[in-house]
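S.K.: Residue numbers (my numbering), protein chains in the order written: chain P, 1 to 365; chain G, 366 to 650; chain B, 651 to 1081; chain A, 1082 to 1344.
Accuracy of the hints is not assured; some may be wrong.
As a list, the in silico EDC-like pairs of lysine to aspartate or glutamate whose alpha-carbon atoms are at most 16 Å apart [claimed, not checked]:
(1) P:K81 to P:D38
(2) B:K1021 to B:E826
(3) P:K8 to P:E214
(4) P:K283 to A:D1213
(5) P:K283 to A:E1303
(6) B:K975 to B:E826
(7) P:K231 to P:D352
(8) B:K911 to B:E896
(9) P:K283 to A:D1112
(10) B:K915 to B:E1039
(11) P:K283 to A:E1109
(12) A:K1160 to A:D1213
These aren't lab readings, by the way, just hints derived from the structure by calculation.
None of the values given here were measured: they were computed from a predicted structure.
Take a look at the letters that make up each chain.
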Amino acid sequence: MPDLLLQKGDLQLLFDRLSGDGFRLVGPTVSQEAIVYDEIASVGDLPRGWTDVQAPGSYRLEPRSDEAFFGYVVGPHSWKKYLFPPLATLLTADRTDSGWAMHAPPEPTEKYAFIGVRACELAAIKVQDRVFLEGAYVDPIYKARRDRCFIVAVNCTQAAATCFCTSMNTGPRCQAGFDLALTELSAAFIVEAGSDSGRQVCGQLPLREATPAERAAAEAARAQAVAGISKRLETEGIRDLLLTNLEHPRWADVAARCLSCANCTMVCPTCFCSSVGEVTDLKGDHVERQRQWDSCFNVDFSRMNGGVVRNDVRSRYRQWLTHKLASWIDQFGQSGCVGCGRCITWCPVAIDLTEEVAALREPGP
Amino acid sequence: MTAPLSPTVGNPWLCHTVRIAAITPEISGVATYDFEFTDPDAANRYQFRPGQFNMLYLPGVGEAAISLSAHPAARRRWSHTIRVAGNVTQALAQLGTGGVLGLRGPFGSSWPIDDCRGRDVILVAGGIGLAPLRPVVYRLLAERSHFGQLTLLHGARSPGGLLYTREHATWNAGGVAVQTTVDRTAADWNGNVGTAVVLLDRLPLPRPENTVLLTCGPDVMMHFTARAALQRGLPASQLWISAERNMQCAVGLCGHCQLGPEFVCQDGPVFRYDRIAPFFRVEGL
Amino acid sequence: MSEFRTIRVEAISRVEGEGALHIRLRGGQVEQVQLRIYEPPRFFEALLRGRPLEEVPDITARICGICPVAYQMTAVHALEAALGVAPPPAIRQLRRLLYCGEWIESHTLHIHFLHAPDFLGYDSGIEMAADHPREVHRGLRLKKHGNQLLEVLGGRAIHPINVAVGGFHRAPRREELAALIPDFEWCLDAAVEMTQWVAGFDFPAFQRPYEMVALVHPDEYPFNEGDVASSSGFRIPVAEYERQFEEQHVSHSTALQSQQKSSDKPYLVGPLARMQLNRERLMPTARRLADEIGFAAMSNNPYTSIVARALEVVHAVEEALSILKTYRPTQPAKIACPHRAGEGCAATEAPRGLIYHRYRVNEAGAVEFAKIVPPTSQNQRQIEDDLRELLPGILAEPDDRLARLCERLVRNYDPCISCSTHFLKLHWDRA
Amino acid sequence: MSTKPKLAVFKFASCDGCQLTLLDAEDELLDIAGALDIACFLEASSRVVPGPYDVALVEGSITTPHDAERIREVRRQSKYLVAIGACATAGGIQALRNWADSQEFLAAVYARPDYIETLATSTALADHVTVDFELRGCPINRGQLVEVIAALVAGRRPRTPNHGVCLDCKRRGTVCISVARGVPCLGPVTQSGCGAICPAYDRGCYGCHGPAPQANVASLAEHWVRSGAGPAQLVPLLRNFNGFTPEFRRVSDELAARLAATE
Ligand SMILES: Cc1cc2nc3c(=O)[nH]c(=O)nc-3n(C[C@H](O)[C@H](O)[C@H](O)COP(=O)(O)OP(=O)(O)OC[C@H]3O[C@@H](n4cnc5c(N)ncnc54)[C@H](O)[C@@H]3O)c2cc1C
Ligand code: SF4
Ligand code: SF4
Ligand code: SF4
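Just chain P, same shape as in the assembly (with noise of 0.2 Å):
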């Protein structure tokens, strides 16, 4: 299927074929000084005119000189929290005359199109599709939400000085694993469909075919972001760096700086960790039993009968970043990092795990 050409004025016919279609449209939303994902109406929640200006520890919403829609790059939240919700029932149980009886959770009823999705960001769906789906045990969870979802992803035409998604390997352009992909132009969006159902979705908009001009504008856009790409991680041999470093001087040094709040973990679109508890009325007759988001980042993520393991915030960032960047790679055959650079933005120390891994690339003394 050729690129095609949707006009911005129709950008809300896209919308209400989606709403028509049954899905709930979530997408960015200006709220609480930033640019979250939420449920939107129409496109005049979207972040028109806005822009976000990140680095290390620091995040500011602005203002954009143009009218653009999709003129910023991520903010704090991922499309996790749609898809492995921060808090679900995974099972209740009600006390009986002969014991429990225990049911299963109903399965949602909601359908979500995802408006917006970076190219960082389908990385990220499919790194959890990974570990929810594709391993030998399958989340019901996820999967009931990850099956129903439709996706408008958008290229980025613009990087902040977090993003490191090339390095990754994962964008800025968005290559695969969406329905419709967007590049937004002064006047119009360039349509790419990825699937069956964005095929039967553009049959059903008034669009054109792209002209060549058309084409090379959004070339040139895209090409802005590539461009706009200063942060750099070395991912040459770096499973075996970080696994055979296990005792370098660096992971203390960073100890002294990480507050080991877990705010990388919660942010990180791909972190997967979560605990169970039990919910109960004070009888006990009623039990539900929860599951939220965690993080090894927590004291008590690793206690056990015996002792904490990982007891100190030393071993708590050294599991993080094993985890994230080189474990990962043996548990799921790929990187747990997509260079979407939230956890550099979000500490609030300003850590950097890029910085992070350079040192550890320089021999302890």
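With the hints as your guide, set chains G, B and A with the ligands onto chain P.
M.R.: Okay, now just chains G, B and A with the ligands, sitting in the frame of chain P:
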């Protein structure tokens, strides 16, 4: 409305319900529980391999990973030997015979019994670590003629911590030489004093290259056991350990049990030593 | 020694905080009545000095967990006066809404757990629930919705986190408040029923010539604003409060007590005083109900304070509902409050009565001086005075019953003893 | 005699907010009263059953010689003693006196300071007696209190999470106020329990539940100083309801010393 579940492998969070059929007190704070499935179909389907574990679920209290200590050929009733450690095990200890709880499993890797054929086998167990090795003992006894010299070295903190002592005579008679030792001696104790590693050091090893060692116990104990075995000439590929980590899902989805690149719940708990050694040795990993 | 009779209530129960009562009779005459507050000193006025003024609402909330909003509201108004700023009506309205939540919560707690058991003969609301399940469940639910309002608007019910000098840290979203409307509609009916229930209690015949003091406001039932007025007829701006009233250390007492400067006389603050001076400005349902149940314009019987409280719950629910229904988020939620050196005071109406704060701040935005007059210290002398009046008529009663009757009288005032910011050493009279 | 566990509630220097939390558990209160014998709870009941008690919930800090004695008596009377709230677990807001000249404090508030009998410090219960469980917060969280009671009734260890506020903040989808607006926030070093309300209401966390385990307060403070927040701003933030906990105290003292050196 949600339909009552028929437990399947489809949703790894679903539980079977099991009833406590019998409780056998072992040592102080430890008892063996025999469970029966309330659903006969589930009972017919259920099988496990020595070394595997179940997640036992007490609604409102939580789940705990517990190894099967049953005979591997068991049908309809499966036993677990459980030490009171915290919330779940405590609440379980308060349930009597007939008590009903949830069970998911079996999960995890198993002891390499097939690799043991034709070889000498040493089992080294520390305290409750003997529980997951008991199914191995049963298998070795059942197929005694397929194995060489069989030894069980069992250590505990004190004489009161030695497990399954009432079975030791049968095991000895059946061809598994049981040696016990304690860290701290007591008035009526005239056996060995010291760790199981001391017993290992003293054990004659006629053909180390043809000996398999399986160990389960506290991390430090397994550590020194592995070191001693290597020094005695056992190849690292013939040492196996069973690791313990915090587990919440038991199916590789929650991240808690990672030990380096391994998920202890699915890649373990039983690991070949040469695979796990680079990580097992690192403190706080 | 036989001519002495000492009655002690070592710990008055079902009041907020802990206090003791000590009465000494000599030859059939009441010689001494002391309401003793043994809340250890917490030095709020001293520890506020040097703190950033923005922290004052958070810190003063901790004076009392039962009416933190009263402390927060009084503090922000006094500080805004010191800084010479005045938040716009939209913010005022949200502040009234927050106060509604606290009144509902605090009043229903007092009615069901502390006060009603006295009328119906129980030791506690929990025991009362066995025989009066409908009333207690209704009360619990009313209380819960009061707390929910505090939670939505204030972040949490005890020590809300959303109150700021200049307004609120964040204005609630419209849906957040709108979601409360159905429950508050239920609350209005429930509060009316509750009022009818308590109005039917048996009230001991006991009348006092109270000097009643409360804020008055031309168009509102008072929460945050108004002049200080009295049933004897004076009306002064809040800024003159300290000229009219003073806190004193009187020889027979152990705590700082407020009294009128000119006359040396005690006075009464709280729901009875507010009803007395502001009945005309109750919301329509509350006002109609007050007439229906015949709540006299001038109730000088302290036992009827439970009815006044119930009527104020009706009012608070009704006013909350009207705000919830028309609410649109205000932007900004907080006005700018640039630092400057200054001094300011404010009075508001805590559930248990008038509360007064005065602060001096410097140009760096730090507190230099703080004065806090909580409601209970103002009522304390009046309580002792009431007891002196009550005692001669009940002296024939055995000690334990006499003590209970006195305790019951004290509970009329809903005293919140932990809010006594000052405290003096006790001298136990073992006579 | 009932065989239900006997519960007592005691108060020391405090605002009553923590014990009020029990009465604020409107949905559970009557069930709690059914599961436990509320043997001594002056705020709610005139009925006082003498000790010993199975469980004591103790609110407030120790600030007078008399209270230092009384807490020992409470300990003797109680099988399982739970300290509830920042006053009881850290000395509370009134522990600010611990940095001050207590005589001067007295003189500032009272006309006759010689009448006041008080200690120079406000300290946590654990500084005086053995405490079996500490429930943090100023005030404590209602859900956590109900969990503690439910756990005690069921005979298990209460499940009150130990992690920092940030985790809850992110779970509820709040944008980090510190990163997105440069507002100093104690969330990263504060223990969870409140539900991360402050950042959700557009303000920084001020540490109601005290330091999280292994909190790296020094690194956070250093970061703010580098980003331009002065010790004058940070010292009061740390010296708050939980200011006297060792983690917050150490760093606030260092910052205060730095401030003094520059003055
Ligand atoms: C693969 C595998 C197999 C196992 N097999 C067996 C077996 O066969 N038999 C057996 O008895 N056990 C076995 N275990 C161990 C068992 O799973 C643990 O002992 C488990 O923790 C018991 O659960 P619990 O809820 O009773 O204890 P938990 O409540 O989890 O408590 C465990 C320990 O941690 C402490 N603790 C927990 N939380 C805290 C906290 N917040 N603060 C301070 N201390 C805390 C407790 O005091 C206690 O010492 C196995 C574990 C694994 C991983
Ligand atoms: S590790 Fe950091 S950069 Fe990598 S995917 Fe996670 S948040 Fe993004
Ligand atoms: S172990 Fe840490 S890095 Fe790995 S998925 Fe879990 S939280 Fe993320
Ligand atoms: S900890 Fe806070 S809420 Fe609790 S009693 Fe003390 S001041 Fe009140």
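S.K.: Take the hints in turn and mark each one as holding or not.
M.R.: Outcome of the hint check:
Between K81 (chain P) and D38 (chain P) the alpha-carbon distance is near 10 Å, which keeps this suggested pair within the 16 Å criterion. Proximity of K1021 (chain B) to E826 (chain B) is assessed by CA-CA distance (about 36 Å); at most 16 Å being required, the pair is judged violated. Between K8 (chain P) and E214 (chain P) the alpha-carbon distance is near 14 Å, which keeps this suggested pair within the 16 Å criterion. At most 16 Å may separate the alpha-carbon atoms for a hinted pair to count; K283 (chain P) and D1213 (chain A) exceed this at roughly 23 Å.
A threshold of 16 Å between alpha carbons decides the hint, and for K283 (chain P) with E1303 (chain A) the separation of about 48 Å lies outside it, so the pair is violated. For the hint pairing K975 (chain B) with E826 (chain B), the CA-to-CA distance comes to about 12 Å; that is within 16 Å, so the pair holds. The hinted pair formed by K231 (chain P) and D352 (chain P) meets the criterion: a straight-line CA distance of about 10 Å does not exceed 16 Å. Of the pairs offered as hints, the one joining K911 (chain B) and E896 (chain B) holds, with about 6 Å between alpha carbons and a cut-off of 16 Å not exceeded.
Distance check on the hinted pair: K283 (chain P) and D1112 (chain A) sit about 8 Å apart at the alpha-carbon level, within 16 Å; holds. As the CA atoms of K915 (chain B) and E1039 (chain B) are separated by approximately 15 Å, the hinted pair is consistent with the 16 Å bound. For a cut-off of 16 Å, the pair hint linking K283 (chain P) to E1109 (chain A) stands: about 10 Å separates their Cα positions. Our distance criterion of 16 Å between C-alpha atoms is met by K1160 (chain A) and D1213 (chain A), whose separation comes to about 9 Å.
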